[in-house]
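Top to bottom, those sequences are chains A and B. Residue numbers for the first sequence follow the working numbering, so the first one is 1 and each next one is one higher. Residue numbers for the second sequence follow the working numbering, so the first one is 1001 and each next one is one higher.
Simulated from the structure, these hints should not be mistaken for lab results. Backbone N, C-alpha and C fix where the C-beta goes; we use that ideal spot for every residue, glycine too. A few of these clues could be false.
Calculated lysine-lysine pairs in the DSS-like style (CA-CA distance at most 30 Å, straight line) [unchecked claim]:
id, chain 1, residue 1, chain 2, residue 2
1, A, 54, B, 1053
2, A, 142, A, 9
3, A, 41, B, 1102
4, B, 1064, B, 1096
5, A, 157, B, 1277
6, A, 171, B, 1053
7, A, 81, B, 1053
8, B, 1252, A, 169
9, A, 81, B, 1408
10, A, 81, A, 169
11, A, 171, B, 1408
12, A, 11, A, 41
13, A, 173, B, 1169
14, B, 1097, A, 81
15, B, 1097, A, 169
16, B, 1332, A, 173
17, B, 1057, A, 53
18, B, 1197, B, 1252
Partial chain A-side listing against chain B, Cβ under 10 Å, derived [as the list claims (entries may be wrong)]:
id, residue
19, 6
20, 29
21, 34
22, 46
23, 121
24, 168
25, 171
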Amino acid sequence: MSNDDYIIKPKHAWIFGDHVNTDLIVPSEYLTENDPDIIVKHAFEGINPDFSKKVDNGDIIVAGRNFGCGSSREEAVFVIKELGISAVIAESFARIYFRNLINQGIPAITLKNATQIFGNMTKITINISDGIINCIDLNTRKRTTLKFKPLPEFIMKIIEAGGALNLIKTKVKEKI
Amino acid sequence: MSMTQQILTEHRINQAKDNDVEISHQLLEPGTFIQSEIDLCMVHEQLGGRISKEYAKLGLDYIKSPEKIVYILDHWVPSPDVRAARMHQEANEFAKKYCFNKQNILGENKGICHTVIPERGYIIPGMVAIGSDSHTTTYGAFNCFSTGVGATDVCNFFATGYLWFKVPKIHRINISGELPSGSFSKDFILSMLGDYKTDGAVYKAMEFGGEGLLNLSISSRITIANMCVEMGAKNAIFEYDKVLENWLNCNKYLQNRDTGDIRAVLPKKDANYELEKDYNLGYVQPMIACPHSPDNIKPAAELSEIEIDQGFIGSCTNGSLDDLRIAAKILKGKQVHSNTRCIVIPASSDIYLNAVYEGLIEIFLESGCTVGPPTCGPCIGGHMGVLGDDEIAISTSNRNFQGRMGAKTSKIYLASPASVAASVIEGRITDPSHYFD
Ligand code: SF4
């Protein structure tokens, strides 16, 4: 595994409010759907109907409190992975959703006042390993540096591996 | 040590070689990561959804501990459409391929997972249980550690036989008093949600004890443990006591199952809590969670202006025999209001059968309710009572998120079975207290 920093440079930050639940991210009616493309197409449609069309590879999601509350459906993380979301920043996460994000290899960053801060930011660079965000404030054009608590090493390993299953794969193979 | 810490300590796998895991040989402090042995893993339709698809990525032709898996189909049974039927087929094929134990395959007409798993004696005190469903917190009513996980975590357990946990901070809830007549444990947990809000207990273990516990039946405890996840809790656990002991002794399935000695878990004197709270059941009034959040709480008495299109009595929260008895007591000899429909769904086939024996089903049918076979059904907007545009429902289930039971413009009010029964008679939200005078 490399010791390089895990850095992302999203083009756009999609801002969501507080308590966005898993029923809003993937409504129950698509849980029996076998075609992944159809599930992905309907991601977040209750809040932002065109989300899946507009979102770009590498974009990030920025949300308020308790992001991903509700059910354990991993479809709610699967869709954002498929859409190419590179990280999710939230003021706080629901427990199962946090685990699901990590398990799918998507960095989950907790940051106070995230939605306020990111509403105005451009040229965002996030160093996931060190917990540093550099960006430029659209109004003042000033460079801003924000800090967040880096994820524990154990979790960074899962993210760097691209998800828990990749790690498990290696482990299971080693044992044979 | 708290109950949660004791159980996790006993299940921790010592893997000094595995540098993924921080090992603490003493007390498991909150925040410590551990690998834990898993005694039971409940999977439902998700097996045919993401779980089988994720597991395929591992390319394994085996599952480490198939005997620990209990598999049930409950959300969309009997299947309402071809998509659901296909999902069931995929789940069934997976179970067959990986040789799940025959007696642990419950199939599709036993009822809702969280009702059936404890009812059929799969849960015993002191266990570590996981399930592919957020309301797996329910089993904590039976004095065990139990939590919901996503598809990847289930696959992790399938492949390795264990799973990582972060030891949670503990909240101790001391219960005193007795519920006034007309108020139920649903009203209590809704009041608690009003205090805690939907993120007040994120990542916490909620531990229930106190002398008032003896006044809460097992089905009342199920309702409470079930809804602790609505405040974000990782798990909810009730102290072992006489009520649970009696329940375990009377469970006919447990008598045929070799469980070994049952070990009661009680908090140790030195237990350290992040927060201790006292609740007196005596002050609990009939409460309703208004749209679109389970913490948007108002007294039922203040909502009598709200007319309802549908009542639903059922779900893993309030579909027990006790719940049906309460609803039937109110509905007996009355009629569901002409502008309202009411759907009653016993949460398991055993409950259904007993409700038939006791004459409850007769009461429901005579009062104009529809009685459905055991399933999640309307709770998840799956089938048997999906709401149309702008419709208003009062439901005994646990989530009133926007669109949860159907159309995005529909509205859900959460309530006790007594409140739902009283409301469908009146055609508007009704405080049921006067039925118990
Ligand atoms: S009854 Fe509702 S909350 Fe319970 S398991 Fe079924 S869908 Fe989930």
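Contradicted hints - numbers only = 3, 5, 8, 11, 13, 16, 18, 19 and 23
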